[in-house]
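A.B. asks: Based on the hints, put chain B in the right spot on chain A.
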Amino acid sequence: MIVTPKIFARLAAIAVIAVLLQLSFFSRVELLHTSADILPLVVVALGLLGGSMTGAVAGFWIGFLVDCLLIAPLGGSSLVLLSAGYLAGLFRERFEIHSSLLPPLLCMVLTLFAELGFAAVQLMLGVDAPVSTLIVRDMLLKSIYAFFLAWPIYYGLRRVLRPALVEESRVTRRQPTVLGA
Amino acid sequence: MYRKQVRRRRAVLTLLIIGSFLLLTITYGQSSGGLQRGVSTIFSPLQTVADRALKPARDLVGWFDKTFDARGENSRLKAELVKTRRQAVAGQEALQENAQLRKLVKLDRNPVLAESAYEPVSGRVIARSPTVWHSAVTIDAGSDDGVRVDDPVISGDGLVGLIASAQGGSAQVTLITDHASAVSAKVLPGGVQGVIRPEVGDPEDLILDFIDSTKDVHGGQAVVTSGWRAQGYASLFPPGLPVGEVTSASIVEQEASQQVHLRPYADLANLDIVQVLTGGSRQ
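Order-wise, the sequence lines are chains A and B. Okay, so the first sequence: first residue is 1348 according to my numbering, each after it adds one. Okay, so the second sequence: first residue is 7 according to my numbering, each after it adds one.
Chain B on its own, in the form it takes in the complex:
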């Protein structure tokens, strides 16, 4: 009886392991399958409800995290903050949303976007990947809203990523911090061109790679998307979208590795409302 149980247990385990490897082999490197899109469509309303319901709790934890970071403040202010915590948590949600929407409206008026054929569609982040290896978020705007695969995604602060998959009411965004991401960009002023790649595990550090080592790049310079177009091919990102600011640009690293480090403008760890620039391919 015991032996039979052990045999059955081993058989199930082997089956599950083989199943996992089979799934990996079949789906790796492929675009999203019908099964994944179906499951995502079914769970999208649930994710939206969970996102809305858990927002106050997230804000509360976020408040604690920010308070921990700001431990240099004096004790009187801290005591005052604790007293007003409950009020702040309730009001914070509305304030954050307001600020983000204001920024987005301002970004709409960006001459780069105003002159292009892109139509911005706003969406709210409803889910986020649990590991840093796969840096992605799910938003509550999908193909029903005109969102298509490869549409660029921005926040009020700058570039966020690219649409990896879109279903009826939701879409998955691959962030610029994902290991598979690469964005052609240029440094302003000067126009030094390069490709932005992430450093996996550190979402606050991006690398502008393959730059011209003979040209000088220094800390504090802005980096925007270059939006190239050549021989029938074009960048997925429109030109002039703000991406980040150069933080570290040592001469040794520039000459030896042809790269500088930058910090993204967008707060990728705390994304809430984003905008998808739809209709780019119709340009």
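So here's chain A without its partners, still in its complex pose:
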């Protein structure tokens, strides 16, 4: 990804909008008693579009913003989301994404990874109450929701960040006219 000041502003706007949407909308609507978590999804999508550095940095700052707004211990969400973003970026750098099904699948898997990460961080910090087995259902449903939400979010973000994407600009560049062909 070619990060110009304009693209940087777009990335910052994406992060803020994603956090506001999550806290004001997605966290407050439940389907089958579980709410969707779009933050890992956005971070993974940014990692897939921009590479490991974009994913990791976006994950760190999105996590930081969430923890700030919820007055939660800083660093926990950042650690998990930067890992998810980095892994998504690493995948993009190592492998070609041929199928349109692959980004949503990756979003699903890495959302599950992030949910396990949140659980691990929380358990590491200490949980003073018994943990219900329903938490497993919550994690699985969140990752399934991520699969379906990944379609609009991943392709929407790709559209917004199109000018910065190396592959996209190469594809959209006008081919030279071959005279006599």
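Keep in mind the hints are simulated off the structure, nothing from the lab. Computed from a prediction, not measured in an experiment: that's the story for all the values here. Please note: incorrect hints may appear among the correct ones.
[Claimed, not checked] Calculated Cβ distances over 12 Å to all of chain B for the following chain A residues:
#1 F1355
#2 A1356
#3 R1357
#4 F1442
#5 M1486
#6 W1498
#7 P1499
#8 R1506
#9 V1507
#10 P1510
#11 A1511
[To be verified] According to the in silico footprint, chain A covers these stretches of chain B (three or more CB under 8 Å from chain A):
#12 21 to 28
#13 222 to 233
For each residue, glycine too, the CB sits at the ideal point set by N, CA and C.
C.D. replies: Showing chain B alone in chain A's frame:
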């Protein structure tokens, strides 16, 4: 060139990971820092706007969720509901708000609160935490309205939680379903005392722990805050606030673990308008 890129990438990643651990180490177990309060103050108006703008969409999704739950209804009624969906979504917002405010007014007249020095301040939920590990909501009433840290928070149905942090126009509420929450309570009638703790991951189940196993507790009994006061220390909650209803109280569990299960009265998953009981420490 490639090696340099890889080295730079690894350096940034290491820096971010170290930064995260440093932040965790510095802020864990501390009350909210100036940075967090500052960011929260800046974003509070944005959150309020987003909350208002997204309310119809939330209601729409909520409507779908409730309809899915009520699949036992007959097909004719369902078809009728689909027809009136648009009208219902528009009217639902006003009706919900009305009902909640009516309940709150009724709760104001609760003799327990009327006799106490608490001054209720109403607030609307504008944000909610995305994970069940950290069960908290943000409300649009803050220190400017007299809200202080550790003030109890109630809804029209019962106890909701405690103020964890307050800024100018907003405050964060730790719900009773958060793993760090503990509320001293008693069962009515009988007065069996215990401490209410959550079961992380299941917001509809609370545990009344450390109860006297020789006394009988059975399903359907109400649980209210006990509001103790001893040796200069006092509970953060006033006595008599309704918390929940005992759902499961097996003799084996009571005798072996000294605990029973209860369901909170407050609909913690769909909180909208709440009341902060301010001025408790001035009692």
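A.B. asks: Each hint should be assessed against the structure and marked as holding or not.
C.D. replies: Okay, the hints, checked on the actual structure:
1. Taking the minimum C-beta to C-beta distance to chain B, about 15 Å, the non-interface status of A:F1355 holds against the 12 Å cut.
2. Against the 12 Å criterion, A:A1356 stays outside the reach of chain B, whose nearest CB is about 17 Å from its own CB.
3. Listed as outside the interface, A:R1357 is consistent with that label: its C-beta sits roughly 18 Å from the nearest C-beta of chain B, beyond the 12 Å cut-off.
4. The beta carbon of A:F1442 is kept farther than 12 Å from every beta carbon of chain B, the shortest such distance being approximately 17 Å.
5. The non-interface label for A:M1486 is inconsistent with chain B: the shortest C-beta to C-beta separation is roughly 9 Å, within 12 Å.
6. Against chain B, the non-interface label of A:W1498 holds: every CB pair exceeds 12 Å, the least being about 17 Å.
7. Once the 12 Å rule is applied to beta carbons, A:P1499 is consistent with being away from chain B; the minimum gap is 14 Å.
8. The Cβ of A:R1506 sits about 21 Å from the closest Cβ of chain B, beyond the 12 Å cut-off, so the non-interface label holds.
9. The beta carbon of A:V1507 is kept farther than 12 Å from every beta carbon of chain B, the shortest such distance being approximately 19 Å.
10. Interface exclusion of A:P1510 from chain B stands, the closest Cβ pair being 22 Å apart, more than 12 Å.
11. For A:A1511, the requirement that its beta carbon stay farther than 12 Å from each beta carbon of chain B is met, with the minimum near 17 Å.
12. For the stretch 21 to 28 of chain B, the stated coverage by chain A holds: 6 residues have a C-beta nearer than 8 Å to a C-beta of that chain, and at least 3 were required.
13. Three residues within the 8 Å Cβ limit are the bar, and the stretch 222 to 233 of chain B against chain A gives 0, so the coverage statement is violated.
Hint check: violations occur at hints 5, 13; the rest are consistent with the structure.
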